[in-house]
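Colleague: In case you want the letters, here they are:
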Amino acid sequence: MDVLTPKERLLRSLKKEKVDRHPVICPGGMMNAALVEIMQHTGHTLPEAHHVDSLMRELAYDVYDNTGFENFGIPFCMTVEAEALGSPIDFGSLSCEPKIKVEAYKSVKDVEFKPRGVMEKSSRVAAVVQSLHYLSEKYPDVPAIGSLTGPLSTSASIVDPMTFLKQLRREKEAAHKVLDYVTGHLIDYAQLMVDNGATVISIADPTATGEILGPKMFKEYAVYYINKLVDAIHAMGVPVIVHICGEMAMVKPQIAELHGDAISVDAFVNLKQMKEEYNTLTTMGNLSTYLLEFSDPDTIYKQSKVLLRNNIDIISPACGLSTSTALKNIQAFTTAIKEE
Amino acid sequence: MATKEELTHKLAQAIVDMEVDEAEAVAKAITDAGWFSMDLLEKGIAAGMGQASQYYEDGEYFIPELLSCADAAEAATDVFRPYMQGQAPEPKGCVVIGAICGDTHDIGKNIVALVIQAAGYEVIDLGRDVPAQDFVAAAEREQADVIAIASLMTTSMNHMADVIQLLEKRGIRDRYGVVVGGKPISASFAREIGADRYAASAGAAVRIIDEWMQAKKQMQVAE
Ligand code: B12
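Protein chains in written order, with my numbering: chain B, 1 to 340; chain W, 1 to 223.
Okay, chain W solo, but in the shape it has when bound:
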């Protein structure tokens, strides 16, 4: 019989291989053996999704593949969920994300949301064509750490600035990190509208949000 380590590895591999049924079966084998522990989420599921995200960044996987990996991860998580009761892992932080109003493009935003979530964040996805005030309202309601705004169109990207102005008007700008992204966005555009950071890809978004959370923690310690 396989050891727990072997099964954990097999689970990660099933996720990378887009094998939804296999991921579910391995997860069941783990719980049947009474081996469920919280570190499986990190070593099995997050490890598999991390590898899948890397393949996507490297151009080896495309959107259909990456989404299938996410499905496999989801299937395994569903098996584990009843065993996680009361010990759900503390998310690394909360990110509110959406595609700004006027814009129907949401594939890239969805990928970013997926990868951020796989990296351990709680993600509140507001969908597409989202008005500025909805970003702000959701961030306040959820006590979010980061607001992530997507725009794929030059005609809608200027509305990203509205979110920041609204935060300033309400005197809560410094509560949130604001990260922007999408094809026409650049680091200089981000600076121009007063966003904190720009990320060109889903992987870069995670790195930037990790940095932001790190800095925030240090600030809190200093205070």
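Chain B with its partners taken away, still in its complex shape:
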């Protein structure tokens, strides 16, 4: 029997305190769980729900209610931040997530530095924070997770990614200036989320994967700016989940330097081993999203139990889900964890 509420369980897990059983969550944002199957059933659909707070909160509730994930996760994409900072967005469809139409700037040297306060003026930021406010008031026992796109991914969503990546080497000063600027706005956005009831902030930064950056750039940029963001959110009194995508062998030592309360990783990372190597780390993850999409409830159920045996602190999908994942597969996953 559950003794703790989902919110208590997640918060205690993030503090490495004792819990009755493992929490199973999906933070939203990059790790969006608004599956086509759920939306077709409830009629609260994307892409509309990316804009309208009444729909956004209904859809976040539907996801919580149908999947069994023990949290609300908002928003459902990674484009809110870049849109507020000037990039035009293609909002996609029911099954296809929003994407940047074209990055606002060609080079880090072209970026127009918008004054602080632009986040507050964005209508989509408003939809996100109003949804968080509503859900956190109405369901105080369920953690409301505010999802942020990390500093590198946001920067590479406002500056052409290829130019941006090479400028990390060749135009260090200008690149740092852009990252600093972006991180400042992300802090503002996080503050709005926290002020409106976010229980936890989750940062996902796919473009910061070690596969793309390599260890040197990962340390110089990803670790530095993610930590800056995490520290600012900690100062607001809220815990932070940091998700790093992809293969991590080459950046493993740097992972321990991240200030996040939990570190979430992709499926090919051996979390059990990582836990042994860095025993202060709170681990989160990491059921393969390919398994969730292409396998069957039985296999998923069994694999979920492996995560429990390995004592992963917070159980979640390994990365971004496919919107065409079958609901019964997700339910097999959450059921396996909750039965513990």
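Heads up, some of the hints might be wrong.
[As the list claims (entries may be wrong)] Straight-line Cα separation of at most 25 Å, SDA-like style, residue types lysine to any residue; simulated pairs:
| hint | chain 1 | residue 1 | chain 2 | residue 2 |
| --- | --- | --- | --- | --- |
| 1 | B | Lys101 | W | Val79 |
| 2 | B | Lys252 | W | Val79 |
| 3 | B | Lys177 | B | Asn270 |
| 4 | W | Lys183 | B | Lys109 |
| 5 | B | Lys106 | W | Ala190 |
| 6 | B | Lys101 | W | Gln54 |
| 7 | B | Lys252 | W | Asp71 |
| 8 | B | Lys109 | W | Asp17 |
| 9 | B | Lys7 | B | Asp231 |
| 10 | W | Lys183 | B | Asn270 |
| 11 | B | Lys172 | W | Gly59 |
| 12 | B | Lys106 | W | Val79 |
| 13 | B | Lys252 | W | Asp21 |
| 14 | W | Lys183 | B | Leu94 |
| 15 | B | Lys302 | W | His105 |
| 16 | B | Lys177 | W | Val79 |
| 17 | W | Lys183 | B | Met162 |
| 18 | W | Lys183 | B | Asp90 |
| 19 | W | Lys183 | B | Met250 |
| 20 | B | Lys106 | W | Pro184 |
| 21 | B | Lys216 | W | Gly127 |
| 22 | B | Lys109 | W | Gly127 |
| 23 | W | Lys183 | B | Lys7 |
Hints are computed from structural coordinates only; laboratory data are not their basis.
Model, not experiment: these values are computed from the prediction.
Go by the hints and put chain W with the ligand onto chain B.
Modeller: Same frame as chain B, but now just chain W with the ligand:
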């Protein structure tokens, strides 16, 4: 003073070392000495980029490094371009590449495009979020040899099959080699949708396209 061989080597090295200004300066030294010849493109620039691509495959270089090498190669090529007039090297073949519709992921595709180009192909890059009919239209327009399609998402990868169906419908499937790649793609998925080949990396893509061109040439000879 350095010999032509030494400068050629220095040029390749500047590219590997990501030294854009140095690559440009060496290229200028070569042209100032009146030593420009077409084989510099192969022995200086392609050799440097080949080594850089190898470092990337080996995990010694990452994307920022590889892109900086490409910039250095570009700077040297710019110096040589006025001297190449009329004798631009015949490309090994023409490759149309893009990331399939629905998909915003294009970093991997861009790397593949860069490495294929460095290996001597003409590359028509259609960008990202490309509808199936645009691949086919570009291939016909450019009289391409190969269509290369990237997908990083399971939700968009099924649209790769649309390209092949469209080619079949137009009765032009056998004109092009179709190569697919990206994280969720596998050799068996490639077979399933009727693509010719799958490549797991940029280096593998070049090897596969080279093979394809070889086979195509032999076919033409046989005919
Ligand atoms: C960086 C990244 C992003 C960046 C992309 C920036 C950009 N401009 O490309 C951003 C932040 C924008 C992003 C957004 C999203 N992402 Co993303 N992202 C990644 C990540 C971490 C790395 C991809 C990458 O660039 N790798 C580096 C390059 C060099 O490697 P590569 O792409 O594999 O390419 C190599 C080979 O595959 C091959 N290759 C590649 N292309 C081709 C083409 C041909 C023809 C050939 C022969 C070979 C070949 O050669 C390359 C070089 O060696 C992957 C996870 C992963 N580890 O792959 C997720 C991933 C692709 N993303 C994912 C998701 C879910 C998303 C979002 C939907 C999130 C959301 N909720 O909105 C959005 C996409 C919206 C949309 N409609 O497209 C999922 C996809 C899941 C699925 N359904 O399949 C992945 C797989 C993460 C996961 N679950 O594990 N993402």
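Colleague: Are the hints correct? Go through all of them and say.
Modeller: Going through the hints against the structure:
1. Lys101(B) with Val79(W): Roughly 34 Å between the alpha carbons, so the hint for Lys101(B) and Val79(W) is violated.
2. Lys252(B) with Val79(W): violated (42 Å)
3. Lys177(B) with Asn270(B): It is violated: about 35 Å lies between the C-alpha atoms, which goes past 25 Å.
4. Lys183(W) with Lys109(B): violated (32 Å)
5. Lys106(B) with Ala190(W): violated (34 Å)
6. Lys101(B) with Gln54(W): With Cα atoms ~33 Å apart, Lys101(B) and Gln54(W) exceed 25 Å; violated.
7. Lys252(B) with Asp71(W): violated (30 Å)
8. Lys109(B) with Asp17(W): holds (24 Å)
9. Lys7(B) with Asp231(B): Distance of about 22 Å is within 25 Å: holds.
10. Lys183(W) with Asn270(B): Judged against 25 Å, a Cα distance of about 19 Å means the pair holds.
11. Lys172(B) with Gly59(W): holds (22 Å)
12. Lys106(B) with Val79(W): holds (24 Å)
13. Lys252(B) with Asp21(W): violated (34 Å)
14. Lys183(W) with Leu94(B): holds (23 Å)
15. Lys302(B) with His105(W): violated (32 Å)
16. Lys177(B) with Val79(W): This hinted pair is violated, its Cα atoms lying about 32 Å apart.
17. Lys183(W) with Met162(B): Cα-Cα ~19 Å, so holds.
18. Lys183(W) with Asp90(B): Given pair Lys183(W), Asp90(B) holds - Cα atoms ~23 Å apart, limit 25 Å.
19. Lys183(W) with Met250(B): Distance of about 19 Å is within 25 Å: holds.
20. Lys106(B) with Pro184(W): violated (29 Å)
21. Lys216(B) with Gly127(W): With a Cα-Cα distance of about 29 Å, the restraint between Lys216(B) and Gly127(W) is violated, given a limit of 25 Å.
22. Lys109(B) with Gly127(W): Holds - the C-alpha atoms of Gly127(W) and Lys109(B) are around 23 Å apart, at most 25 Å.
23. Lys183(W) with Lys7(B): violated (35 Å)
Checked against the numbered hints given earlier, this structure breaks hints 1, 2, 3, 4, 5, 6, 7, 13, 15, 16, 20, 21, 23; the rest are met.
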